Amino acid sequence: MRSSIIIIIIFLIITTLCDIVLFIKWIKPTKKKWLKQLHWTIYVIFIAGILALLFILPKIQNEIFLELFIWFNWLLLTIYIPKFFLILFSLLNGAIFSFFRKKFQIVTYAGIFLAVITFFGFMYGAFIGRFDTEVTHIKIKSSSLPKAFNGLKIVQLSDLHIGSLGANSSYWAKAVDLCNREKPDVVVMTGDMMDNFASELTPELIKTFRQLNARTGKYAILGNHDYGDYTKWSSPEAKKANLDSLIEREKQMGFRLLMDEHLFVQKDKDTLVIAGVQNWSKPPFHCYGNLAKAMKGTERYPYVLLLSHDPNHWMTQVVKYQNIRLMLAGHTHGMQLGIRKFGLHWSPAQWVFKQWNGLYSYNNKSLYVNRGLGYLGIPMRLGMPPEITVITLTTK
Numbered sequence: 001m002r003s004s005i006i007i008i009i010i011f012l013i014i015t016t017l018c019d020i021v022l023f024i025k026w027i028k029p030t031k032k033k034w035l036k037q038l039h040w041t042i043y044v045i046f047i048a049g050i051l052a053l054l055f056i057l058p059k060i061q062n063e064i065f066l067e068l069f070i071w072f073n074w075l076l077l078t079i080y081i082p083k084f085f086l087i088l089f090s091l092l093n094g095a096i097f098s099f100f101r102k103k104f105q106i107v108t109y110a111g112i113f114l115a116v117i118t119f120f121g122f123m124y125g126a127f128i129g130r131f132d133t134e135v136t137h138i139k140i141k142s143s144s145l146p147k148a149f150n151g152l153k154i155v156q157l158s159d160l161h162i163g164s165l166g167a168n169s170s171y172w173a174k175a176v177d178l179c180n181r182e183k184p185d186v187v188v189m190t191g192d193m194m195d196n197f198a199s200e201l202t203p204e205l206i207k208t209f210r211q212l213n214a215r216t217g218k219y220a221i222l223g224n225h226d227y228g229d230y231t232k233w234s235s236p237e238a239k240k241a242n243l244d245s246l247i248e249r250e251k252q253m254g255f256r257l258l259m260d261e262h263l264f265v266q267k268d269k270d271t272l273v274i275a276g277v278q279n280w281s282k283p284p285f286h287c288y289g290n291l292a293k294a295m296k297g298t299e300r301y302p303y304v305l306l307l308s309h310d311p312n313h314w315m316t317q318v319v320k321y322q323n324i325r326l327m328l329a330g331h332t333h334g335m336q337l338g339i340r341k342f343g344l345h346w347s348p349a350q351w352v353f354k355q356w357n358g359l360y361s362y363n364n365k366s367l368y369v370n371r372g373l374g375y376l377g378i379p380m381r382l383g384m385p386p387e388i389t390v391i392t393l394t395t396k
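Residue 354 in the UniProt record's numbering sits at position 354 of the sequence shown, with consecutive numbering throughout.
Because the hints were derived from the structure by calculation, they are not lab data.
Quick caveat: nothing in here was measured; it's all calculated off a predicted structure.
Treat the hints with care, since some could be wrong.
Below 27 Å or equal to it, Euclidean Cα-Cα: the simulated DSS-like pairs (lysine-lysine) are [to be verified]:
1) Lys147 / Lys239
2) Lys239 / Lys269
3) Lys153 / Lys239
4) Lys183 / Lys141
5) Lys139 / Lys83
6) Lys147 / Lys320
7) Lys183 / Lys153
8) Lys341 / Lys147
Hey, can you work out the whole structure from these sequences and the hints?
Now the structure itself:
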């Protein structure tokens, strides 16, 4: 929470500087009184909103405040990032002019172009991109996979963050339909079912997700948000009751929740191990998971499928276990912003995570990081659409 407040203060300073420079460079020379009044009225409204966040953020206690908060975040970015580009390139043009004694208007035009593209990009990401679900198909080969499980089809869901999307029943029904079309053997959910409150999983949504079909079973783990660590509770008992309620609701949806434990899936005479840990993360995230406990008793089995929410867990602990052949994770969201065109696969997420989206390999082991179906912080996805992953396991 403290880091969020620091970010808000930094953003407050940046927005103030942007509006001062924009006024001096663009608004003041027009001598239009109404435009000046409009400029500063909008500025005051946004600053009042930012200051309100400093007081409201630590006290957010329900989904309505949370939704207002994330939409205000989006509005701030949609207005001020284009402003930033406009000001940056305008100042750059002035610097070039002072050096060469000649105006290069193309620099200013480039700033206007970037500002317009950014504005409409954020609009697209909020009203189209966040609903544009992509189904990703991949095959993972391993000589360690028991032969009876050759062709096993796994559907991975992750990071639903239902509190941010709200009870958008049509979106979740579409997601369930897309999963069922794949006729999976196994469905897994790799954490962050909710934002903060178990009540986000309404009876209607529970009924919707209960319709997820899997021949062998549906399995889930907890992510960092599922513990309710990001809100202020009246007591430790209230926080625990919220988690207990979430666990019960996931059971009602038909998921077998794996809490630092494993289970055996039998087919013919072969055995596949599916293990799951509670959230394992590096600071500032809380760490609850115990991989050693989850793996105890699996030593003689050649293929373990591990569910662990945070991909940082993979290189830190998981790869040390010889028989964990595949780990499925989420958590990063692909930062909800990036490029996956023209041979590029880039996102700011890679500044934070070494493995942030897609398939990774190391010493005959694999990791897949799912971008998630929901969103957090900002109600948009641009270049990093929501994802359902369909993984087919094959023997080499």
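Outcome of the hint check:
1. Lys147 / Lys239: 45 Å, violated
2. Lys239 / Lys269: This hinted pair is violated, its Cα atoms lying about 44 Å apart.
3. Lys153 / Lys239: Violated, because 36 Å separates the two Cα atoms, which is more than 27 Å.
4. Lys183 / Lys141: 20 Å, holds
5. Lys139 / Lys83: 44 Å, violated
6. Lys147 / Lys320: Since the Cα atoms of Lys147 and Lys320 sit roughly 24 Å apart, the hinted pair holds (cutoff 27 Å).
7. Lys183 / Lys153: It holds: about 8 Å lies between the C-alpha atoms, which stays within 27 Å.
8. Lys341 / Lys147: 37 Å, violated
Comparing the model with each numbered hint stated earlier shows that hints 1, 2, 3, 5 and 8 do not hold.
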